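Trainee: Protein chains in written order, with our numbering: chain F, 492 to 968; chain U, 492 to 968.
Read the hints as simulated data drawn from the structure, not as lab findings. Bear in mind that the values here come from a model prediction, so they are computed numbers and not experimental data. Beta carbons are placed, not taken as given, at the ideal position from N, Cα and C, and that holds for glycine. Check before you lean on any hint, since a few could be wrong.
[Stated by the list, open to error] Covered, in the sense of this in silico footprint (three residues per stretch, anywhere, with C-beta under 8 Å from a C-beta of chain F), are these stretches of chain U:
1. 517-526
2. 537-545
3. 603-614
[Said to hold, decoys possible] Each pair of labels, with its calculated beta carbon distance range:
4. U/ALA852 - F/GLU528: 35 to 41 Å
5. F/GLU528 - U/GLU664: 49 to 55 Å
6. U/ARG654 - F/ALA698: 50 to 56 Å
[Stated by the list, open to error] Anything over 12 Å on all C-beta distances counts as not near chain U; from chain F, calculated:
7. SER532
8. TRP619
9. LEU652
10. GLY662
11. GLY669
12. LEU682
13. ASP716
14. ARG829
15. GLY849
16. GLU875
17. GLY878
18. PRO895
19. ASP900
20. ARG905
Protein chains: 2
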Amino acid sequence: MFSYSLNLDPQSRVPMYEQLYAAVAGAIREGALHHGEKLPSKRELCARLGVSRSTVEAAYELLLAEGYVESRPRSGYYVAEYETTAISEAPSSAPVCAPGHLPPRGKALDSPFSTSAVDVSRFPYASWAKLYREVVYNSPELLQRGEAQGEAPLREALARLLREYRGVQCGPEQVVVGAGLETLTDQLITLFGPEAVYAVEDPGYPALVRLLQARGRAVRFVPMDAAGMDPEALERSGAAAAYLTPSHQFPLGITMPASRRSRLLRWAAEGERWIIEDDYDSEFRYGGRPISSMQGMDRHGRVIYAGTFSRSLAPAIRLAYLVLPPPLLERWQRQFGRQQSTVSRYEQRVMARFLDEGYYARYLRRVGKLYADRRSALVSALAELEGASVSGADGGIHFLLTLPRYGEDELLRRAAAAGLPLRGLSEFCHETAPLPSTLVLGYGGLPTEQVPEAAARLRAAWEGTSGPLRCIAAEKA
Amino acid sequence: MFSYSLNLDPQSRVPMYEQLYAAVAGAIREGALHHGEKLPSKRELCARLGVSRSTVEAAYELLLAEGYVESRPRSGYYVAEYETTAISEAPSSAPVCAPGHLPPRGKALDSPFSTSAVDVSRFPYASWAKLYREVVYNSPELLQRGEAQGEAPLREALARLLREYRGVQCGPEQVVVGAGLETLTDQLITLFGPEAVYAVEDPGYPALVRLLQARGRAVRFVPMDAAGMDPEALERSGAAAAYLTPSHQFPLGITMPASRRSRLLRWAAEGERWIIEDDYDSEFRYGGRPISSMQGMDRHGRVIYAGTFSRSLAPAIRLAYLVLPPPLLERWQRQFGRQQSTVSRYEQRVMARFLDEGYYARYLRRVGKLYADRRSALVSALAELEGASVSGADGGIHFLLTLPRYGEDELLRRAAAAGLPLRGLSEFCHETAPLPSTLVLGYGGLPTEQVPEAAARLRAAWEGTSGPLRCIAAEKA
Numbered sequence: 492m493f494s495y496s497l498n499l500d501p502q503s504r505v506p507m508y509e510q511l512y513a514a515v516a517g518a519i520r521e522g523a524l525h526h527g528e529k530l531p532s533k534r535e536l537c538a539r540l541g542v543s544r545s546t547v548e549a550a551y552e553l554l555l556a557e558g559y560v561e562s563r564p565r566s567g568y569y570v571a572e573y574e575t576t577a578i579s580e581a582p583s584s585a586p587v588c589a590p591g592h593l594p595p596r597g598k599a600l601d602s603p604f605s606t607s608a609v610d611v612s613r614f615p616y617a618s619w620a621k622l623y624r625e626v627v628y629n630s631p632e633l634l635q636r637g638e639a640q641g642e643a644p645l646r647e648a649l650a651r652l653l654r655e656y657r658g659v660q661c662g663p664e665q666v667v668v669g670a671g672l673e674t675l676t677d678q679l680i681t682l683f684g685p686e687a688v689y690a691v692e693d694p695g696y697p698a699l700v701r702l703l704q705a706r707g708r709a710v711r712f713v714p715m716d717a718a719g720m721d722p723e724a725l726e727r728s729g730a731a732a733a734y735l736t737p738s739h740q741f742p743l744g745i746t747m748p749a750s751r752r753s754r755l756l757r758w759a760a761e762g763e764r765w766i767i768e769d770d771y772d773s774e775f776r777y778g779g780r781p782i783s784s785m786q787g788m789d790r791h792g793r794v795i796y797a798g799t800f801s802r803s804l805a806p807a808i809r810l811a812y813l814v815l816p817p818p819l820l821e822r823w824q825r826q827f828g829r830q831q832s833t834v835s836r837y838e839q840r841v842m843a844r845f846l847d848e849g850y851y852a853r854y855l856r857r858v859g860k861l862y863a864d865r866r867s868a869l870v871s872a873l874a875e876l877e878g879a880s881v882s883g884a885d886g887g888i889h890f891l892l893t894l895p896r897y898g899e900d901e902l903l904r905r906a907a908a909a910g911l912p913l914r915g916l917s918e919f920c921h922e923t924a925p926l927p928s929t930l931v932l933g934y935g936g937l938p939t940e941q942v943p944e945a946a947a948r949l950r951a952a953w954e955g956t957s958g959p960l961r962c963i964a965a966e967k968a
Numbered sequence: 492m493f494s495y496s497l498n499l500d501p502q503s504r505v506p507m508y509e510q511l512y513a514a515v516a517g518a519i520r521e522g523a524l525h526h527g528e529k530l531p532s533k534r535e536l537c538a539r540l541g542v543s544r545s546t547v548e549a550a551y552e553l554l555l556a557e558g559y560v561e562s563r564p565r566s567g568y569y570v571a572e573y574e575t576t577a578i579s580e581a582p583s584s585a586p587v588c589a590p591g592h593l594p595p596r597g598k599a600l601d602s603p604f605s606t607s608a609v610d611v612s613r614f615p616y617a618s619w620a621k622l623y624r625e626v627v628y629n630s631p632e633l634l635q636r637g638e639a640q641g642e643a644p645l646r647e648a649l650a651r652l653l654r655e656y657r658g659v660q661c662g663p664e665q666v667v668v669g670a671g672l673e674t675l676t677d678q679l680i681t682l683f684g685p686e687a688v689y690a691v692e693d694p695g696y697p698a699l700v701r702l703l704q705a706r707g708r709a710v711r712f713v714p715m716d717a718a719g720m721d722p723e724a725l726e727r728s729g730a731a732a733a734y735l736t737p738s739h740q741f742p743l744g745i746t747m748p749a750s751r752r753s754r755l756l757r758w759a760a761e762g763e764r765w766i767i768e769d770d771y772d773s774e775f776r777y778g779g780r781p782i783s784s785m786q787g788m789d790r791h792g793r794v795i796y797a798g799t800f801s802r803s804l805a806p807a808i809r810l811a812y813l814v815l816p817p818p819l820l821e822r823w824q825r826q827f828g829r830q831q832s833t834v835s836r837y838e839q840r841v842m843a844r845f846l847d848e849g850y851y852a853r854y855l856r857r858v859g860k861l862y863a864d865r866r867s868a869l870v871s872a873l874a875e876l877e878g879a880s881v882s883g884a885d886g887g888i889h890f891l892l893t894l895p896r897y898g899e900d901e902l903l904r905r906a907a908a909a910g911l912p913l914r915g916l917s918e919f920c921h922e923t924a925p926l927p928s929t930l931v932l933g934y935g936g937l938p939t940e941q942v943p944e945a946a947a948r949l950r951a952a953w954e955g956t957s958g959p960l961r962c963i964a965a966e967k968a
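Can you make the complete structure from the sequences, with help from the hints?
Mentor: Spelled out as structure tokens, the structure:
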């Protein structure tokens, strides 16, 4: 039941719309307002609270943006489902993306199937800006030089997060923060010296190979089998370090089973080699039990754990982290301990509070539901394609689509002609042969309500359907 | 004359204290309130405007922090001098630093004479936070991947700033933004390849040498004469690139004269070599004509201009920039054009507005006055030391102090024992012999009101004065 006794204070340093937003959000969090309850109309709220229309509009805008309420056309605002513990399977019925349309046919815009796009429509920007303001106001000392490894409160928050969610064994003193995973990987490469040989997954992440080669490092491409990097080929490679994406391999989407993890850990322990565990896409799982990190299984201190907020939060948040085993930490401190961190101290502190105060966990639940919903819609729609098979879709925000009807080139050519440029698996293969007729589809940048049209357009391109596009999701409903 | 008709709107999205702050700041900028005018007391303002005490306090706090008003003890708030065009020679009479005291004797805290400290007491944090909030609220698209070189509006603002203030010839397309000068220098080193030999100033900046050596690059230490890097020694070094700090050499404080600049530019042009012009400390000049950049004198595209906001604004603002000559720009794009910028897009946009809307220019004027004042006080106080000479004090926020009475070690030992750890020149000398008995003193972290005590303490340490400390500035007043 909505209460109008909200104790708003027009004299406060906090703007009125933020007070109103905070009061309603608090009532929802505390269960005073329940899922499905209708909120007062804007007009009613203005009249009853004696506040301006712009105050109410701004507050409702925030509540919508942060997922507390949802808007039903021609009806009003309703309390959204508010999860406090586990991920619910129920898809959100709120609008999922900023308005927008698929690019017109034939125009080479960024594809809605881009593998690097991320849905940021639900990013809690009001909370982020609020935290930033509070950090700036309350901490003038943050303008001075900070710690090279990163701000202590952020390293503490990250260590807690990683212990709790990923089973990483670490203390805050092992965490190193940097402006993106490339920056941090570059530091690791420096620590390992110019002679170290690197094993990389093939197919794999092209930016990693570019970085290693730019630094003049020797790279060995190690083939993958169904469980991940081939241990015998790895053994033969003579590498001193292997870069792995065990949670959701890019691009194959493999989640490395525990047996393969322990096999690769043995390789590292036996030869005093290193594993760089890039815990790419571990934040989003749609089925099966999440497997904890390799770092958490390691008993010999051979794993460097690496993570980033670029995909779980937003590409523009330039904040990634490493967890270093103690001996490597010492080397890091000798080499980089006198440099400044590459990340703004302000944004580091904002992120610390974002983690500590539960914003991040709430956001991951919201965006996780969004992706789960979108993935189901897209996989079902694509399953209608004759002979199609999908793999690697248990987690993350991309998967493989194999369509034996045409070769990869023809699939790509037809999709691009239909205004939907895609990427083929062969683009990511260095020395191994790609699976034939296989594409890598990302869905982070594809608004869920546009899935039917996008899928129908691909279907028309590949199956030669002419006439009006069929809307697959509508048919199924 | 202060007007109480301020049109404050309690219903606005802008908090009341910000409205009040903006109204008063606007009146000062527009000349409706003049230097020296007394503002109403807080109590009076509360009563007349019908706003809360906390609103008035917050507004006055901002006005103080941003230098619009000054507080006189037991008297009230007065309009500060507001400069709209040139730098005034009149020292500000406002309090200059956050409260604080010199560290107790014998405790090895950061020295008030640290060469890396910067005075951030006047940082316009309210404006910075306000801009950040506006950027976040108005630009949801900034969460997606940004341009590798940096945000276009920031590159435009930087190009304008550098053309106007430093005579740099460039367009925004030549600007590359990164998280600190080390990050960007590291990129340059990569572009120049593993075989390039680097000439560095000796004495010079130690972090540069560490970076080059960490990357396995060949380093040649080139001695300095009174005009800067010795051109003949540079010629003999066989270097392909020279890293220079011509505006205010670190640590010698030399401002390189135009004749030496053109001699070194000839060296670069003749051999198709590179000059990296680190325009360190160019923001603060206390006498003599500022010399425009070497980049602006260069007719052969051999200079890479490099700058940072770490010293002019705050060490925590991780934002530096390069201006690349077009052929190098192409190489940069091939090598790094697919990476993401290392700087938060939000903070890039904030900085763009900070530059465009005049905040930066106003801040530089305020902090420039502060440093000018402090430098005069410190240099006069140190001149009382028998046989002392100061050099390199025409710009920046450090200088050399030579005191032939003792050797460097003894000077350092006695200062440290007095609780004022200092750095000796020899620490920065690689292959050249340091000037004897010479120290490098920074004053960015030394509050002006503490200059007399700090100078007196040094004097006591070096001249063996016992008894009560003499307060030199007080004597002179």
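Trainee: Against each hint, give a clear statement of whether it holds in the structure.
Mentor: Here is how each hint holds up against the structure:
A stretch counts as covered by a chain when three or more of its residues have a beta carbon under 8 Å from one of that chain; for the region 517-526 of chain U and chain F the count is 0, and the coverage is violated. Three residues within the 8 Å Cβ limit are the bar, and the region 537-545 of chain U against chain F gives 3, so the coverage statement holds. Counting residues of the region 603-614 of chain U whose beta-carbon sits less than 8 Å from any beta-carbon of chain F gives 6, enough to reach three: the coverage restraint holds. Between U/ALA852 and F/GLU528, the C-beta spacing of about 52 Å breaks the proposed range 35 to 41 Å.
Hint check: F/GLU528 to U/GLU664, Cβ distance near 54 Å, so the stated range 49 to 55 Å holds. At about 34 Å, the CB distance of U/ARG654 to F/ALA698 disagrees with the hint of 50 to 56 Å. For F/SER532, the requirement that its beta carbon stay farther than 12 Å from each beta carbon of chain U is met, with the minimum near 18 Å. Non-interface call for F/TRP619 relative to chain U: violated, since the shortest CB-CB distance, roughly 6 Å, does not exceed 12 Å.
Every CB of chain U lies more than 12 Å from the CB of F/LEU652, the least distance being 20 Å, so the non-interface label holds. Distance check on F/GLY662: its Cβ is at least 25 Å (rounded) from any Cβ of chain U, clearing the 12 Å threshold; non-interface status holds. Interface exclusion of F/GLY669 from chain U breaks down, the closest Cβ pair being 8 Å apart, not more than 12 Å. Consistency note on F/LEU682: stated as away from chain U, yet its beta-carbon is not over 12 Å from all of that chain's, at 10 Å minimum.
Every CB of chain U lies more than 12 Å from the CB of F/ASP716, the least distance being 29 Å, so the non-interface label holds. Against the 12 Å criterion, F/ARG829 falls within the reach of chain U, whose nearest CB is about 7 Å from its own CB. F/GLY849, annotated as away from the interface, keeps every beta carbon of chain U farther than 12 Å; the closest lies near 20 Å. The Cβ of F/GLU875 sits about 30 Å from the closest Cβ of chain U, beyond the 12 Å cut-off, so the non-interface label holds.
F/GLY878, annotated as away from the interface, keeps every beta carbon of chain U farther than 12 Å; the closest lies near 34 Å. For F/PRO895, the shortest C-beta to C-beta distance to chain U comes to about 32 Å, beyond the 12 Å cut-off, and the non-interface label holds. F/ASP900, annotated as away from the interface, keeps every beta carbon of chain U farther than 12 Å; the closest lies near 23 Å. For F/ARG905, the requirement that its beta carbon stay farther than 12 Å from each beta carbon of chain U is met, with the minimum near 26 Å.
Taken one by one, the earlier hints fail for this structure at numbers 1, 4, 6, 8, 11, 12 and 14, listed in ascending order.
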